[in-house]
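Residues in the sequence shown are numbered from 2 upward in steps of one, following my numbering.
Warning: the hint list may mix true and false statements.
[Unchecked claim] Here are the simulated lysine-lysine pairs, BS3-like style, with alpha carbons at most 30 Å apart: (1) K267 <-> K549; (2) K310 <-> K473; (3) K340 <-> K271; (4) K411 <-> K206; (5) K129 <-> K109; (6) K263 <-> K240; (7) K109 <-> K376; (8) K394 <-> K109; (9) K240 <-> K271; (10) K473 <-> K462; (11) K264 <-> K528; (12) K109 <-> K167; (13) K264 <-> K468; (14) K462 <-> K549; (15) K330 <-> K174; (16) K240 <-> K310; (17) K394 <-> K475; (18) K503 <-> K555; (19) K468 <-> K503; (20) K38 <-> K129; (21) K344 <-> K267.
Because the hints were derived from the structure by calculation, they are not lab data.
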Amino acid sequence: MTQLKKKLPNYVILVLTLVLFRTVFIPVSSQQLTTYKMTFVVSTTSDWTSLSFFNLTLLSSNYSIVLGENAPQLSYSVSSNQITIHKKQFDETNVTIKFYVTFSIEGKPSLLIEKGDIGSTALKIYDKSGKEIFSAVSVSHVSNDTSGLNPRSFYLPSLENFELSKEEANLSKVLSRQLVLAFYYPWYGNPQSNEGSGILTHWEKIEYNSIGSSTYYPLLGPYDSQDERVIEAHIEMAKVSGIDGFICSWWGIGTFEDDAFKKILKVASKENFSVTIYYESVRDITQDQIVDELSYILSSYSSEPSFLKINGKPTVFVYAVSAYNRNSKFWNEVISKVKEKTKVDAIFIADSFDMSYFDVFDGFHTYNPIWISRKNFYNVYSSEAKVIRVNGKIWAATVCPGYDDRKIRKPGNYVNREDGAYYNLTWNASVESNPDIVLICTFNEWHEGTNIEPSREFGFKYLQLTKYWVEKYKNTSFIQQETPAIKLSFQNNELTLSNNGKGDAIAVNLLVTQRDLNKNFNVWSYKGNAYVLPVNSTTISLWIPLIKENDNVKVSLPFLGPGDFSVRLCYYSLSGEAFTENITYSSSIKSTTGLNFSILALASFVILIIMVLLIYKVLVYRWRTLSQHSFTKLVFLTFSKIGES
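Construct the complete structure from the given sequences, taking the supplied hints into account.
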């Protein structure tokens with residue numbers, strides 16, 4: 002479904018040939034960066050401090066602790082533009098760390114030191130001969146500062162007058178194939194589907210107009226992640242948009258998500274689609290448990306054709322590697338044990354920009370980039386790309402349509418989608434950083450409102466934007482999808498939906514309206530081929546995730562009463578084209594209540610007739626009797642009078 006357009010004009014072929022020639026034959030030396038080496042010595046007695054650099058990118062770093070190694074809760078990190086040190090709150094232990102850094106310069110460099118309200122922070126910089134070339138100190142409170150950051154700024158000296166180690170670094174991409182992957186959440190459960198998990202999970206306060214745990218409303222309705230029709234619909238929509246694979250949130254052996262992943266692998270193999278695991282590390286688990294779980298993943302799934310391979314190696318993404326103070330030593334031990342246990346040479350890509358993990362992981366990304374300010378997006382991604390490339394690692398840039406978790410967290414966070422402008426910003430910054438992989442946050446995280454999966458609010462807008470940017474990123478184009486055509490028929494209280502078109506139908510929705518719906522119908526006891534919710538007292542909504550070309554689906558209507566009912570049919574092509582139709586049918590259901598009423602009415606009528614007849618006969622009899630007695634009495638009195646005369 003994502004084949005390249007054919008019959009390209011000759012001039013386009015010529016341009017593509019020139020581009021290919023340049024890509025293949027221009028030497029990689031053109032992708033070089035001038036770098037310098039220095040020694041930074043950071044000392045602090047504050048409980049936290051950060052040193053942020055501007056117009057200077059830290060590319061790599063080794064470090065050693067000179068003082069304070071046993072300071073309580075000590076942690077430290079180095080990213081492309083920042084060095085941070087944290088300790089236990091109000092701890093004043095003197096911590097001094099020597100950083101051996103490689104860096105590049107983009108302009109006049111400057112420094113911002115921030116710290117807690119206690120103690121002081123100092124930075125000294127030395128050239129390769131050990132000569133001190135810069136010193137800065139930030140002490141106590143900064144006057145008039147109410148932020149609690151105590152910021153102080155410094156300009157760094159020009160490097161021209163100092164003896165520095167200088168060399169050229171290679172910025173070539175690690176991967177020859179450009180990939181677009183989306184974070185995917187297989188944790189939704191709905192007991193209505195015959196094909197699903199049989200349980201309700203991750204959907205809360207479900208109504209037709211809103212879902213209490215979802216920022217937006219899925220066009221597929223409140224679906225079940227273990228329903229293979231849902232999985233297939235998701236994969237088909239993703240492929241049409243240029244997405245190469247899903248990174249599936251995974252929470253442990255035998256969990257709901259693990260069971261779902263088995264089905265996702267199966268469907269993905271059929272669809273020629275890649276999937277892998279997003280290892281959720283933010284759990285209070287031991288190192289041995291992490292080793293066992295990662296070993297299980299590789300042993301159970303990595304040999305499957307649909308499991309993501311990079312350069313022929315199974316690839317796993319790891320979320321929040323620094324959680325629970327897990328440092329590079331911790332993860333180095335984990336990965337070494339996993340490889341020894343499974344004998345699988347896998348690639349691990351970490352959610353971190355901390356250089357201390359560079360010796361452990363094969364690639365780096367950030368899960369959700371909303372922490373980056375709009376004005377800094379290009380600079381941050383450009384800097385991180387340099388850092389990760391210089392170290393020979395895989396650079397994965399993340400895009401995001403927006404964010405809104407205010408339904409599930411208080412007060413929560415909100416990043417406006419700006420009608421697609423925010424998504425475009427993140428894509429543009431990512432593409433300009435020339436990444437090995439583009440990651441989409443997310444395909445279907447409905448709780449945090451980062452979904453690009455079609456919703457009532459946005460339709461297919463974000464899949465269509467995705468397609469536009471993938472074409473730009475990969476320098477390719479995708480064909481328009483064929484048009485489905487659903488036909489309805491009704492018999493024996495079942496609707497049959499037949500797709501007689503040329504393409505698959507997605508998010509098929511039926512609104513069934515009847516004046517006398519069965520008020521005893523319980524939607525959560527429904528089991529069938531659709532997901533069902535009441536709209537109001539006269540209308541029921543049914544969702545069918547997917548009806549493939551030349552396929553049909555039968556849907557029972559146990560909620561119908563006798564009489565006519567109407568159906569409003571709505572569905573979409575894979576490209577997002579909408580189709581609607583309104584039809585009226587006559588229900589063949591016979592109401593037992595109506596039948597009993599008719600029998601009772603007939604019986605009452607018969608009894609009434611009998612009673613009327615009985616009353617009539619009694620009255621006639623009484624009248625005749627009275628009449629006879631009156632006439633006899635009259636004759637007697639008459640003759641009595643005559644006798645007296």
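Is the straight-line distance between the alpha-carbon of K109 and that of K376 30 Å or less? holds, 19 Å
Decide if the proposed pair is consistent with the structure: K340 and K271, CA atoms, cutoff 30 Å inclusive. holds, 29 Å
Is the hinted pair K310 and K473 satisfied, with a Cα-Cα distance of at most 30 Å? holds, 24 Å
If you draw a straight line from the CA of K109 to the CA of K167, is it 30 Å or shorter? Holds, at roughly 18 Å.
Check the hint pairing K503 with K555 against an upper bound of 30 Å on the C-alpha distance. holds, 20 Å
Holds or violated: K240 with K310, Cα cutoff 30 Å? Holds, at roughly 17 Å.
Verify the proposed pairing of K267 with K549, using a straight-line Cα cut of 30 Å. holds, 18 Å
Please work out if K468 and K503 have their alpha carbons no farther apart than 30 Å. holds, 21 Å
Next pair to validate is K462 with K549; report whether the Cα-Cα distance is within 30 Å. Holds. K462 to K549 sits at ~22 Å (cutoff 30 Å).
Restraint status (C-alpha distance of K263 to K240 at most 30 Å): holds, 20 Å
Agreement of K394 and K475 with the hint, judged by alpha carbon distance not exceeding 30 Å: holds, 20 Å
Are the Cα atoms of K240 and K271 separated by 30 Å or less? It holds: about 13 Å lies between the C-alpha atoms, which stays within 30 Å.
Violation of the numbered hints given earlier is absent; every hint is satisfied by the structure.
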